[in-house]
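Throw the hints in and build the complete structure from the sequences for me.
Now for the letters of each chain:
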Amino acid sequence: MNGSRAERPTALFWAEFAESRAAVAGLAVFALALAAALFAPWLTPQDPYDQAGLALMDARLPPGTVGTGGYPHWLGTDAAGRDVFSAILWGLRTSLFVGVAAGLCALSLGTTLGLAAAFFGGRVETVLMRIVDLQLSFPAILLALVLVASLGQGLAQVVTALVAAQYAYFARTVHGAALAERRKAYIEAASGIPLRPARIVFRHLLPNVLPPLIVVATVQVANAIAIEATLSFLGVGLPVTEPSLGTLIANGFQFMLSGRYWISVYPGIALLIVIVSINLVGDRLRDVLNPRLRR
Amino acid sequence: MTADAPAAMTDRHDAPSRRFLMLGFLLQRLASAAVVLAAMSVIVFAGVYAIGNPIDVLINPAADQVMRAETIARYGLDRPFWEQYLRFAGAVLAGDFGTSFVFGTPALPLILGKLPATLELALAAMLIAIGLGIPLGMLAGLRPEAASSRAIMAGSILGFSLPTFWVGLMLILVFSVELGWLPSGGRGATVEIGGIAWSFLTADGLTHLALPALNLALFKLSLIIRLTRAGMREVMLSDYVRFARAKGLSRARVIGVHAFRNILIPIVTVLGLEFGSVVAFAVVTETIFSWPGMGKLIIDSILTLDRPVMVAYLMLVVAMFVAINLVVDIAYAALDPRVRLGSR
Chain A
0 MNGSRAERPT ALFWAEFAES RAAVAGLAVF ALALAAALFA PWLTPQDPYD QAGLALMDAR
60 LPPGTVGTGG YPHWLGTDAA GRDVFSAILW GLRTSLFVGV AAGLCALSLG TTLGLAAAFF
120 GGRVETVLMR IVDLQLSFPA ILLALVLVAS LGQGLAQVVT ALVAAQYAYF ARTVHGAALA
180 ERRKAYIEAA SGIPLRPARI VFRHLLPNVL PPLIVVATVQ VANAIAIEAT LSFLGVGLPV
240 TEPSLGTLIA NGFQFMLSGR YWISVYPGIA LLIVIVSINL VGDRLRDVLN PRLRR
Chain B
0 MTADAPAAMT DRHDAPSRRF LMLGFLLQRL ASAAVVLAAM SVIVFAGVYA IGNPIDVLIN
60 PAADQVMRAE TIARYGLDRP FWEQYLRFAG AVLAGDFGTS FVFGTPALPL ILGKLPATLE
120 LALAAMLIAI GLGIPLGMLA GLRPEAASSR AIMAGSILGF SLPTFWVGLM LILVFSVELG
180 WLPSGGRGAT VEIGGIAWSF LTADGLTHLA LPALNLALFK LSLIIRLTRA GMREVMLSDY
240 VRFARAKGLS RARVIGVHAF RNILIPIVTV LGLEFGSVVA FAVVTETIFS WPGMGKLIID
300 SILTLDRPVM VAYLMLVVAM FVAINLVVDI AYAALDPRVR LGSR
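Heads up: the sequence lines are chains A and B, in that order. FYI, numbering that gives the first Met the number 0 numbers position 156 of the first sequence as 155, with every residue one higher than the one before it. FYI, numbering that gives the first Met the number 0 numbers position 238 of the second sequence as 237, with every residue one higher than the one before it.
Note that these hints are calculated values from the structure, not bench results. Wrong hints could be hidden among the right ones.
Listed next, the in silico SDA-like pairs over lysine to any residue satisfying Cα-Cα at most 25 Å (straight line) [what the hints assert, rightly or not]:
id : chain 1 : residue 1 : chain 2 : residue 2
1  : B       : 113       : A       : 202
2  : B       : 113       : A       : 149
3  : A       : 183       : A       : 202
4  : B       : 113       : A       : 235
Right, dumping it as structure tokens:
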């Protein structure tokens with residue numbers, strides 16, 4: 000896995016990926032969003048959740064106004080006098096964290112279950128895949144809603160609900176891919192040596208089911224961010240003390256009808272940009288990694 | 000006609016055994032649907048049971064210890080979980096989901112009373128999705144490289160990506176706040192038919208219906224555009240379409256009759272399966288547009304910890320999904336002889 004042999008497929012992969020300018024732009028925008036979220040404390044003029052730093056005199060200022068802090072609020076301020084730009088970057092931190100954490104946990108759980116089902120077959124497979132199929136017949140948003148309703152508000156609860164609602168997509172994908180791989184000669188050879196099942200599953204089977212898994216992972220991270228935003232908007236997601244982009248949009252909703260659009264609209268645009276950029280990358284990955292479209 | 004003859008003969012030959020298998024298949028599906036419903040009732044009950052402590056909602060904080068204990072006992076909240084579940088299950092089988100903590104009326108009629116508003120919204124959304132989606136999809140499928148087709152497909156990607164609640168906000172901002180053309184919430188004037196209020200029969204009701212229905216339709220619209228386009232591209236290359244053209248039929252007739260009927264099959268199937276998810280997504284749309292349906296009720300009851308209403312809503316939605324899946328399964332088996340009826 001090292002040396003020039005490994006570099007060539009990577010270079011080829013990148014060349015193919017880069018053929019779509021939209022996908023490269025998506026990747027760049029996503030990287031930028033990630034950096035903005037990571038470095039939010041240094042990029043923002045104000046810590047939006049430090050109550051002492053907020054002045055009610057600054058409440059609901061339109062975009063571009065200079066507030067009591069002496070710096071311009073390029074995207075305006077909200078009802079508590081919070082700088083909307085700062086709130087967006089901090090909200091982005093929460094939204095991306097939830098999306099990536101939920102995506103990775105669902106990936107690990109779903110992959111393990113899918114691989115186990117495909118490798119062991121029999122009863123294990125029947126029971127696991129029945130549950131997965133049953134779950135997939137319900138919309139993820141509904142499952143997440145039920146789970147959040149029973150787990151309560153909070154970061155850990157929302158991530159748990161998202162994982163429980165999304166692992167099934169990974170399990171189904173991995174199971175399908177692994178079934179096709181299981182019948183191939185290299186797995187038979189590995190079983191014949193005989194290697195331990197865990198080694199066969201994780202060292203031999205897993206790398207070969209990775210391509211479809213990567214595609215599903217990108218799409219599911221975008222979905223997790225969207226579902227979390229929806230839950231928070233409905234008031235059953237993250238609490239006001241840990242606001243995500245969805246919480247910010249919900250907070251501004253009541254002021255939108257009186258024409259103070261910026262409190263809701265700018266966080267909404269930020270959410271949109273993140274989701275669309277991830278989906279653009281995912282769309283391209285699907286084409287590049289699809290063996291049936293190989294030229 | 001002649002092609003049907005051999006098939007009809009084998010059909011007659013197999014008829015008794017297939018009918019027998021069909022009956023077994025039906026019973027098996029019904030049984031598994033019942034198992035799913037029972038399992039979901041345990042999950043839903045356990046999930047909702049785990050939420051907070053409803054006593055705080057039910058009891059006046061000034062109440063003394065005796066009054067507290069009495070209220071707890073009256074609602075059976077002092078019993079162990081399994082006993083509460085059995086009581087709940089027994090009552091549900093008799094159609095009783097308990098009394099709403101907030102409204103003080105039985106939960107099931109409360110939700111069923113909101114059902115027509117949700118169904119009206121969901122059906123209107125489906126109509127918009129079909130009415131716009133199929134023509135746009137056909138257009139995109141006929142000329143996949145044209146600029147208009149690319150624009151349609153880009154639009155459908157956006158429709159998939161944009162969160163429903165965000166599109167709803169934008170619709171309100173543009174059409175209600177900026178342009179002032181359409182109202183931002185509520186059902187407007189309604190007409191009562193059979194004791195149920197409907198919005199779509201009055202001009203005012205229709206203006207109230209337009210934005211929420213469009214909002215709810217967008218996701219399905221994108222789906223139908225993609226399905227129709229894929230179906231159209233496949234069908235236009237098939238032998239029978241080429242044959243119909245060669246026979247001298249007009250292009251319009253070939254597209255409108257021969258191609259159209261064949262792309263409908265997968266679309267109808269998906270629409271059947273997706274109807275449940277439209278009702279589920281109505282939760283979001285109803286909250287944004289203050290549409291007084293089931294979805295708004297469930298969000299309100301989650302926020303107020305109104306357990307009986309939550310359980311009744313969830314069981315109703317689960318039952319709806321199970322019923323839709325059951326009908327689609329059976330319809331498939333009845334229509335497509337290739338579906339294996341025996342157990343694996």
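Hints the structure fails to honour: Per hint list: single violation, 1.
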